[in-house]
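Enquirer: Please take these sequences and the hints and turn them into a complete structure.
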Amino acid sequence: MFDFKVLTQWIDQSLRALNLPDFGVLVIELVLVGIALLAAYAILAIILIWFERKICAWFQCRLGPNRVGIFGLLQTFADTIKILLKELIPINNNDKILFYLAPFIVILSSMLSFGALPFGKGLQAIDFNIGIFYMMAVSSLGVLGVLLAGWSSNNKFSMIGAMRSGAQMVSYELSVGLSLLTMVIFAGSMQLSQIVNQQADLWFIFKGHVPALIAFLVYLIAGHAETSRGPFDLPEAESELTAGYHTEYSGIQFGFYYLAEYLNMFIIAAIATTVFLGGWQPLHIPGLDGFNHVMDYIPTPVWFLGKAFFCIFLSLWVRWTFPRLRIDQLLHLEWKYLLPLNLLNILFMALIVIFKWHF
Amino acid sequence: MGGFAAYLKSWVTGIVSLLTGLKVSIVNFFRPKVTESYPENRKTLVMPEHFKGVLTMPHNENNEHKCTACGICQMNCPNGTIKITSQTIETEDGKKKKILDTYLYNLGQCTFCNLCVLTCPSNAIVFSKDYETAIFTRSKLIMKLNNEGSRLEEKKKSASGEA
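These protein sequence lines are chains B and S, in that order. Quick note: the first sequence uses this note's numbering, first residue -10, plus one each step. Quick note: the second sequence uses this note's numbering, first residue 485, plus one each step.
It should be emphasised that the hints constitute simulated quantities derived from the structure, not laboratory data. Ideal Cβ positions, reconstructed from N, Cα and C, are used throughout, including at glycine. It is possible that part of the hints are untrue.
[What the hints assert, rightly or not] Each pair of labels, with its calculated beta carbon distance range:
no.: 1; chain 1: S; residue 1: 497; chain 2: B; residue 2: 320; range: 13 to 21 Å
no.: 2; chain 1: S; residue 1: 529; chain 2: B; residue 2: 74; range: 20 to 28 Å
no.: 3; chain 1: S; residue 1: 617; chain 2: B; residue 2: 87; range: 53 to 61 Å
no.: 4; chain 1: B; residue 1: 16; chain 2: S; residue 2: 511; range: 53 to 61 Å
[What the hints assert, rightly or not] Here are the computed lysine-lysine pairs in the PhoX-like style, where the Cα-Cα straight-line distance is at most 25 Å:
no.: 5; chain 1: S; residue 1: 581; chain 2: S; residue 2: 567
no.: 6; chain 1: S; residue 1: 567; chain 2: S; residue 2: 624
no.: 7; chain 1: S; residue 1: 580; chain 2: S; residue 2: 567
no.: 8; chain 1: S; residue 1: 517; chain 2: B; residue 2: 43
no.: 9; chain 1: S; residue 1: 493; chain 2: B; residue 2: 325
no.: 10; chain 1: B; residue 1: 43; chain 2: S; residue 2: 507
no.: 11; chain 1: S; residue 1: 550; chain 2: S; residue 2: 580
no.: 12; chain 1: S; residue 1: 624; chain 2: S; residue 2: 613
no.: 13; chain 1: S; residue 1: 628; chain 2: S; residue 2: 581
Expert: Here it is in structure tokens:
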């Protein structure tokens, strides 16, 4: 397996060889990391939008975008250029500062979680010892932007959408937290790099018996609800609320919300990948050394992105299958079904860890 | 059934119904797609049997059509799409006969209701399977269906036909 530390350390050493002060080296490296993450952010968003449109089309027995570029690959680039050229329509009687700030908060929260994601072996900007905590904290910051957008738009539809989004986020944050906590109990660590390293021989979803599987499913459902897409798209229920919290936004400000929605989907899938599906670890089956060796030749970022896209596919499958829930059904599902299951599951996992029933 | 048993049952029925839905959509995911990639598949595109494109009047190899200029299609047309002009000639044996002069069909006004084809007593007109009928000039939508110099196809004399 290629360790990307070789590359990053080479960059560090060659910068230090220029006899720059330590602070200068740090600033240059921070800028480089920032540019790399921003580029990854933009490219992933474009790929995700294309992926979603194709998958959605196939679920509906259509072909999807196939005119601009081969397989419609350039369609999203064309759409991006279009949205950049659109006019930003100013709104009367709204809270100007909050209105213009809100899209940036939404983008910021998904951008922040990008820094801590382990994309490959040695490809992680920051490795906190409370990595999972950090991810949960910043990925739920986005709801602030949604609430601000709803409040500052001075529009009843936006307001109702934002309030629904708040209720949804508060409820489903519980399930996300508890299902991740189940795996933290199992791994005994919150550091993302350690969690990934522990899955070198076998991924947690196979290692952890039934509780890991249940936690995975609960995490996918709750995480899907957090992105407020698919059957949980109450904040922007278009038949009731026009477009919900981003009704008043136009041009690239709307584009920011659109982008953040897709990136949040990716982040949820990436956390699921890291915690349950072994992150960038190749598929290893104990006892099959030849097979394991072949799997090691596939680069680690490919494994990571492949697994993340698999999780995204599951989320799209759900999105294009089920009708939208009512707000009471939504809260019903969380508080009466997912939460009790989750609490039982966490107990079960604790027992498994105490009595060492796992592999 | 008690409250808790009902709750457990709702778990099972809920999961089963969700899985049923997921199964339906994944089956559709792998089904052949129904979208037609139009300009590419022009050669192989087959129109359905009842497709109505443009009204045409088939002519045989001797440049003969079957239209007797009776005007029934013109009377039945709800939109005034068809305009028939006829002239009266005298045949060799001294009988007066109405023959078709021009058969004008306005594609722009046609709703493709098929009434003209259904009511034609001599099956002189049919709808073709042409679908690329868009043009830039409105006047080109008015078509003359009978060919230049065409005439009525003589009916084969049969025993019952003479009555």
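Enquirer: Taking the hints in turn, state whether each one holds.
Expert: Evaluated hints:
Judged by the Cβ atoms, the range 13 to 21 Å given for residue 497 of chain S and residue 320 of chain B holds: they are separated by roughly 20 Å. The hinted range of 20 to 28 Å is not satisfied by residue 529 of chain S and residue 74 of chain B, whose Cβ atoms lie roughly 36 Å apart. Remark: the range hint 53 to 61 Å for residue 617 of chain S to residue 87 of chain B is upheld by a beta-carbon distance near 55 Å. Roughly 55 Å separates the CB atoms of residue 16 of chain B and residue 511 of chain S, a value that falls within the hinted 53 to 61 Å.
Only pairs whose Cα atoms come within 25 Å are accepted, and residue 581 of chain S paired with residue 567 of chain S is accepted, the gap being roughly 19 Å. A distance of roughly 15 Å separates the Cα atoms of residue 567 of chain S and residue 624 of chain S; the hinted pair therefore holds under the 25 Å criterion. Under the criterion of a C-alpha separation no larger than 25 Å, the hint pairing residue 580 of chain S with residue 567 of chain S is consistent with the structure, at around 22 Å. This hinted pair checks out: residue 517 of chain S and residue 43 of chain B have alpha carbons roughly 12 Å apart, not beyond 25 Å.
The suggested pairing of residue 493 of chain S with residue 325 of chain B holds, with an alpha-carbon distance near 13 Å, which does not exceed 25 Å. Distance check on the hinted pair: residue 43 of chain B and residue 507 of chain S sit about 19 Å apart at the alpha-carbon level, within 25 Å; holds. Proposed proximity of residue 550 of chain S and residue 580 of chain S is supported: the alpha carbons are some 18 Å apart, at most 25 Å. Taking the CA atoms of residue 624 of chain S and residue 613 of chain S, the gap is about 19 Å. The hint holds against a cut of 25 Å.
A distance of roughly 22 Å separates the Cα atoms of residue 628 of chain S and residue 581 of chain S; the hinted pair therefore holds under the 25 Å criterion.
Violated hints amount to a single one, hint 2; each of the other numbered hints is respected by the structure.
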